[in-house]
Amino acid sequence: MEGTKSRREFVKTAAIAGGVVLGAPVFIPKRTEAEETLTFGVDEELTGVYAYPAKNEVRGMQMAVDDWNKKGGVLGRQIKLQVEDNANNPGTAVEKARKLFEVDKVPVLIGTLNSANSQAVSNVAYQAGRPFLVSGGHTDTVTGSQCHWTSFRTCHSTWAETHATGLSISKKFGKKWYYITPDYAFGHSLLDGYKDMEAKLGVQVVGSDLTPLGTTDFSAYLTKVLAAKPDCLIIMVQGDDQINCLKQANSFGILKRIPVAGPQGELEPLWGVPKEAQVGYWGVEWYYKNVGNSKEAQSFVSRYMAQIQEPPTARSAFGYITADRMATAIQEAKGTDPVKVCKALSGMTFHPLQQGSGTYRTVDHQLTWPMLFCETIAGGQADNPKDIFKMVDVQPGEAIEHPVSEQEKICKLAWPS
Amino acid sequence: MKRTLDTAGLSLLAIVLLGMPVWMNIARLNVSLGTSLLLFGLAAASVNILVGYTGFMAFGNAAFFGVGAYGSALFSHYIMPDNMIVSTIVGAVTGTLSAFILAPFLIRRRGIYFALMTVAFGQVYYFIAYRWSNVTGGEDGFSISRPHLFGPNGLAMEGATYYYYVLVIFVAVMVFLWFLVRSPFGLSLRAISQNEVRVRYLAINSDKLIFKALVISGMVAGIAGSLYSMSINFAYPLLMDWHQSGDFVMMTILGGAGTLWGPFIGAIIYTLAANVLSSKTETWQIMIGALFVICVLFFPKGILGFLSRASTTSEREDVDTTLDHVHTDALAQGEPG
Amino acid sequence: MERLIPEIVNGIVLGAFYAIIAIGLSLIMNLTGTVNLAHGSFLTLAGYLAFTLLQRGTNFWLALGISAILTVVIGLIVERTLIQPLYKRIPLYSLLLTFGLALIAEEVFRLIWGPQSVPFSTPASLQGATIIGDTVLPTYRLAIMAVLALVMVLLLLFMYRTRQGLRLRGAVLNREMMAALGINTQVLYMMNFGLGIFLAAVAGVLASGLIGLSPTMGNGLLMPAFITVVIGGMGSLAGCLVGGLLLGVGQSVTTLYAPAASEIVTYVLMAVVLLIRPRGLFGEEGLFG
Numbered sequence: 000m001e002g003t004k005s006r007r008e009f010v011k012t013a014a015i016a017g018g019v020v021l022g023a024p025v026f027i028p029k030r031t032e033a034e035e036t037l038t039f040g041v042d043e044e045l046t047g048v049y050a051y052p053a054k055n056e057v058r059g060m061q062m063a064v065d066d067w068n069k070k071g072g073v074l075g076r077q078i079k080l081q082v083e084d085n086a087n088n089p090g091t092a093v094e095k096a097r098k099l100f101e102v103d104k105v106p107v108l109i110g111t112l113n114s115a116n117s118q119a120v121s122n123v124a125y126q127a128g129r130p131f132l133v134s135g136g137h138t139d140t141v142t143g144s145q146c147h148w149t150s151f152r153t154c155h156s157t158w159a160e161t162h163a164t165g166l167s168i169s170k171k172f173g174k175k176w177y178y179i180t181p182d183y184a185f186g187h188s189l190l191d192g193y194k195d196m197e198a199k200l201g202v203q204v205v206g207s208d209l210t211p212l213g214t215t216d217f218s219a220y221l222t223k224v225l226a227a228k229p230d231c232l233i234i235m236v237q238g239d240d241q242i243n244c245l246k247q248a249n250s251f252g253i254l255k256r257i258p259v260a261g262p263q264g265e266l267e268p269l270w271g272v273p274k275e276a277q278v279g280y281w282g283v284e285w286y287y288k289n290v291g292n293s294k295e296a297q298s299f300v301s302r303y304m305a306q307i308q309e310p311p312t313a314r315s316a317f318g319y320i321t322a323d324r325m326a327t328a329i330q331e332a333k334g335t336d337p338v339k340v341c342k343a344l345s346g347m348t349f350h351p352l353q354q355g356s357g358t359y360r361t362v363d364h365q366l367t368w369p370m371l372f373c374e375t376i377a378g379g380q381a382d383n384p385k386d387i388f389k390m391v392d393v394q395p396g397e398a399i400e401h402p403v404s405e406q407e408k409i410c411k412l413a414w415p416s
Numbered sequence: 000m001k002r003t004l005d006t007a008g009l010s011l012l013a014i015v016l017l018g019m020p021v022w023m024n025i026a027r028l029n030v031s032l033g034t035s036l037l038l039f040g041l042a043a044a045s046v047n048i049l050v051g052y053t054g055f056m057a058f059g060n061a062a063f064f065g066v067g068a069y070g071s072a073l074f075s076h077y078i079m080p081d082n083m084i085v086s087t088i089v090g091a092v093t094g095t096l097s098a099f100i101l102a103p104f105l106i107r108r109r110g111i112y113f114a115l116m117t118v119a120f121g122q123v124y125y126f127i128a129y130r131w132s133n134v135t136g137g138e139d140g141f142s143i144s145r146p147h148l149f150g151p152n153g154l155a156m157e158g159a160t161y162y163y164y165v166l167v168i169f170v171a172v173m174v175f176l177w178f179l180v181r182s183p184f185g186l187s188l189r190a191i192s193q194n195e196v197r198v199r200y201l202a203i204n205s206d207k208l209i210f211k212a213l214v215i216s217g218m219v220a221g222i223a224g225s226l227y228s229m230s231i232n233f234a235y236p237l238l239m240d241w242h243q244s245g246d247f248v249m250m251t252i253l254g255g256a257g258t259l260w261g262p263f264i265g266a267i268i269y270t271l272a273a274n275v276l277s278s279k280t281e282t283w284q285i286m287i288g289a290l291f292v293i294c295v296l297f298f299p300k301g302i303l304g305f306l307s308r309a310s311t312t313s314e315r316e317d318v319d320t321t322l323d324h325v326h327t328d329a330l331a332q333g334e335p336g
Numbered sequence: 000m001e002r003l004i005p006e007i008v009n010g011i012v013l014g015a016f017y018a019i020i021a022i023g024l025s026l027i028m029n030l031t032g033t034v035n036l037a038h039g040s041f042l043t044l045a046g047y048l049a050f051t052l053l054q055r056g057t058n059f060w061l062a063l064g065i066s067a068i069l070t071v072v073i074g075l076i077v078e079r080t081l082i083q084p085l086y087k088r089i090p091l092y093s094l095l096l097t098f099g100l101a102l103i104a105e106e107v108f109r110l111i112w113g114p115q116s117v118p119f120s121t122p123a124s125l126q127g128a129t130i131i132g133d134t135v136l137p138t139y140r141l142a143i144m145a146v147l148a149l150v151m152v153l154l155l156l157f158m159y160r161t162r163q164g165l166r167l168r169g170a171v172l173n174r175e176m177m178a179a180l181g182i183n184t185q186v187l188y189m190m191n192f193g194l195g196i197f198l199a200a201v202a203g204v205l206a207s208g209l210i211g212l213s214p215t216m217g218n219g220l221l222m223p224a225f226i227t228v229v230i231g232g233m234g235s236l237a238g239c240l241v242g243g244l245l246l247g248v249g250q251s252v253t254t255l256y257a258p259a260a261s262e263i264v265t266y267v268l269m270a271v272v273l274l275i276r277p278r279g280l281f282g283e284e285g286l287f288g
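Chains as they are written, first to last, in numbering that gives the first Met the number 0: chain A, 0 to 416; chain H, 0 to 336; chain R, 0 to 288.
With the rest of the complex left out, here is chain A:
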């Protein structure tokens, strides 16, 4: 009796397993085999807590691709984006990256904004031996201790963020600081970055709290802040945590009494904060009103606003720059040979959607470009409530990144011979 049942199970299992696996192609969309199309693989966090910034990155990428295609494409080939959702999960990010490389045979990969995903996918690209340009993942290791010759990064490193803002904060508010830091690698590297400046600036840290990621209630930390009476409260938490912290800081009356600043402020979370809590002086990686006389940037901004009905964010800029530079590198390399493309990107100097210039420097493939220090205008401007940043200061890229001589010790790019 037992044996028969299990044998029947076997048959059914085999049949079902076979059916599912063999039948799966029916549900997979057929990819056009047109050789005239050049496909960029995109690995992004389209579902989960980062869905909104991820969406903006993809929007920027698509605009860059459209612009290239209007000019006739790259080396005569039209560019297509093959976008995959990694669901904010490193395992999925790895599988999607492998699918893009092995099955879709994309010559290049771009994307990721989650730190863990960025590193995991960076490793996959290295094993596949193909270029990967990180659009929005900030973790230091990608262009630091775990760098690869195949990996590049557009957004600033955490080191740059702290070094772009530290001086401005101490000048404007004073030297007694209180840190509220998210307790994971990103936060820790921000702390390290500020620590590097503390001696130079004469900063006295009157309090420092590491908050678990996803903290909903900051009241305990905020009462400590009130008791410590700092010159400035440095909020390093991002995304939803930043929203929670600001809303609650407002309810405690902190925002009226103590200046708030931080190494990174983005439009996506700050647009989600009610007017009364829209305050702070933040490091801003790119802002649509501060592109200077760059015609390309102005065109990008006006077209984006016409198309999407809201201003482009720094994320949109990351996406545009990433896709645009990848296409440029392929053009310069006159093909998709990985080493030639990476050599073309490495050391490439250009205007990253602004008047200032940036370089994917050769030592670690980190884009070294200017960073702004902006004041938040609650409720935005009269003509546009989403225009909430006002530039106070700007730092050039070389001044804020890890010095090359130090970075050489951390990142060793082993180019294939």
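Everything labelled a hint here was simulated from the structure, so no lab data went into it. Mixed in with the good hints, there may be bad ones.
Unchecked claim - In silico SDA-like links for lysine to any residue, alpha-carbon gap of 20 Å or less:
id	chain 1	residue 1	chain 2	residue 2
1	A	Lys274	R	Pro118
2	A	Lys104	H	Lys300
3	A	Lys385	R	Pro118
4	A	Lys255	R	Ala128
5	A	Lys333	A	Arg76
6	A	Lys294	A	Pro310
7	A	Lys223	R	Asp133
8	A	Lys104	H	Pro20
9	A	Lys228	A	Leu209
10	A	Lys174	A	Gly201
11	A	Lys385	A	Asn289
12	H	Lys300	R	Leu81
13	A	Lys228	R	Gly132
14	A	Lys389	A	Glu275
15	A	Lys223	R	Arg2
16	A	Lys104	H	Ser278
17	A	Lys223	R	Thr253
18	A	Lys223	R	Leu81
Given the coordinates of chain A, work out where chains H and R should sit on it, guided by the hints.
Only chains H and R this time, still in chain A's reference frame:
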């Protein structure tokens, strides 16, 4: 007639498993996804031991899976870099240990309490992986390079090669489970799922049996996790999160809890559905959620359970006979009544 | 320790939150054994509905009431169509079904209101703070405490002073007996579920003023609520209250002295209670095995 059907079934299964790299290629999916199908199948099988056979709602198996994943990853990075066999074993051992540590606590409760405890303790492991970032890399995860088979000069375990390595282990574990389910131990577990009080009345120490079931479940999950981190070259805390446990439970229910191959079927369907749907549409999460809902409402026995015409009376007879054996054995070995 | 007092106050507000969400969960669990992993989604839904109303200029309290009622209606539809078939089965199924519902809900919120957090403003009248010496008590948090206290008093009155409440309590103790006495248990189940969802909805709207309102807002509050149910005791609403306050104050005080441990303390506490006194501080023995 039955023989031909069995051979046909076995052959079909063999063709699917042996030819997976080819099928993945045809389906326009990467080979390592095929490896993941096997590994999630094992993870779901580990859940099945508790949920399907013992009737215990285990919602923390991702923790054992994750500990196995970190075990092999950390070992291969810090201690012995290039030996896949040893790394696999270490991962399996750490996964087993992680269950062994919790088992004394878990066996003391039943029902929802048991379920909530598995969640709570699972989350404790998750937080350790998250917070001990000096060792585990924390939220950023932990990168490793895939070890060679037997040391630096051994076989390089690339894509398809690694798949077959995993397949060997997969088959070994499934065979082990096949024997386990048929053994007096396995039948005792099923007896517990039907009526634990009755089992205890027969002087059988159900706590001990559940303890063993937990440890074995941890071992299977640990093996799966250990191979998974080496497959994606990465270990990360989310592997241990209770949402991942929920996914494994769903795979088990979807395929058919209490059947040997149900978890594997469930793992295939769930993993492929999530992967393929997420490439097609941004609203894939609604479809996966709907899959949960439809399965629970209309196919609670899962696919294999739905198709199977297993008569419950014959099952009960088997259990009765076995319980007699086990009871006699227990008396013979002088266990307290 | 002048820093301790404000922490304890913070903890009480936080605890009241956990308690009200836990009571809702507990009500639903006690009567039908349904583990509602979609509870957080109802929280979020109420927040979004209130946000939409506030954007049209509705008064805050009116918005609170309307969104609570709307959320309950949706909850009842869900209960009748999806959850009711599972009452005869083991809790595992309701767990998985509500797990799936939570996934669907999150995506639906993303489709309707967008993936971004939406700026939910608390009414201007509640935006100040009372300052006593060095202690700052935000008015909004005091308002939350007041509303939650009111809701709990109303709930107690309902459960212990009305016939429906009596029937609910009786049904928790013995479902079959209630049916045998000719009472319509299906209506009881509906009322019970609706009550639980109502509590979640109120908490959701209030929470949206404190934390960011996004598709994933409710999820962060769900786990502590479950832990509160376990600590306080399954089957006991007073237990949820005490458990919630314990948890809230515990978290706040731990944050003061050892912030890194504040998260894990909750899980360790839960494990310890489950081991030593699994029915919880005030729970009924044998209610869930």
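Hints and how they fare:
For the given pair, A/Lys274 sits about 8 Å from R/Pro118 by alpha-carbon distance, which is consistent with the 20 Å threshold. Distance check on the hinted pair: A/Lys104 and H/Lys300 sit about 40 Å apart at the alpha-carbon level, beyond 20 Å; violated. This hinted pair checks out: A/Lys385 and R/Pro118 have alpha carbons roughly 12 Å apart, not beyond 20 Å. With a C-alpha separation of about 12 Å, the suggested pairing of A/Lys255 with R/Ala128 holds against the 20 Å cut-off.
Straight-line distance between C-alpha atoms of A/Lys333 and A/Arg76 comes to about 12 Å, which keeps the hinted pair within the 20 Å bound. With a C-alpha separation of about 17 Å, the suggested pair A/Lys294 and A/Pro310 falls inside the 20 Å cut-off, and the hint holds. As the CA atoms of A/Lys223 and R/Asp133 are separated by approximately 11 Å, the hinted pair is consistent with the 20 Å bound. At most 20 Å may separate the alpha-carbon atoms for a hinted pair to count; A/Lys104 and H/Pro20 meet this at roughly 16 Å.
Distance hint between A/Lys228 and A/Leu209 is fulfilled; the C-alpha atoms sit about 18 Å from each other, no more than 20 Å. A hinted pair counts as satisfied when its Cα atoms are at most 20 Å apart, and A/Lys174 with A/Gly201 qualifies at roughly 7 Å. The hinted pair formed by A/Lys385 and A/Asn289 meets the criterion: a straight-line CA distance of about 15 Å does not exceed 20 Å. A distance of roughly 17 Å separates the Cα atoms of H/Lys300 and R/Leu81; the hinted pair therefore holds under the 20 Å criterion.
The straight-line distance between the Cα atoms of A/Lys228 and R/Gly132 is roughly 14 Å, inside the 20 Å bound, and the hint therefore holds. For the hint pairing A/Lys389 with A/Glu275, the CA-to-CA distance comes to about 17 Å; that is within 20 Å, so the pair holds. Between the alpha carbons of A/Lys223 and R/Arg2 the distance comes to roughly 7 Å, so the proposed pair stays at or under 20 Å and holds. With a C-alpha separation of about 15 Å, the suggested pairing of A/Lys104 with H/Ser278 holds against the 20 Å cut-off.
Under the criterion of a C-alpha separation no larger than 20 Å, the hint pairing A/Lys223 with R/Thr253 is consistent with the structure, at around 13 Å. Restraint check: the Cα-Cα separation between A/Lys223 and R/Leu81 comes to about 47 Å, which exceeds 20 Å; the hinted pair is violated.
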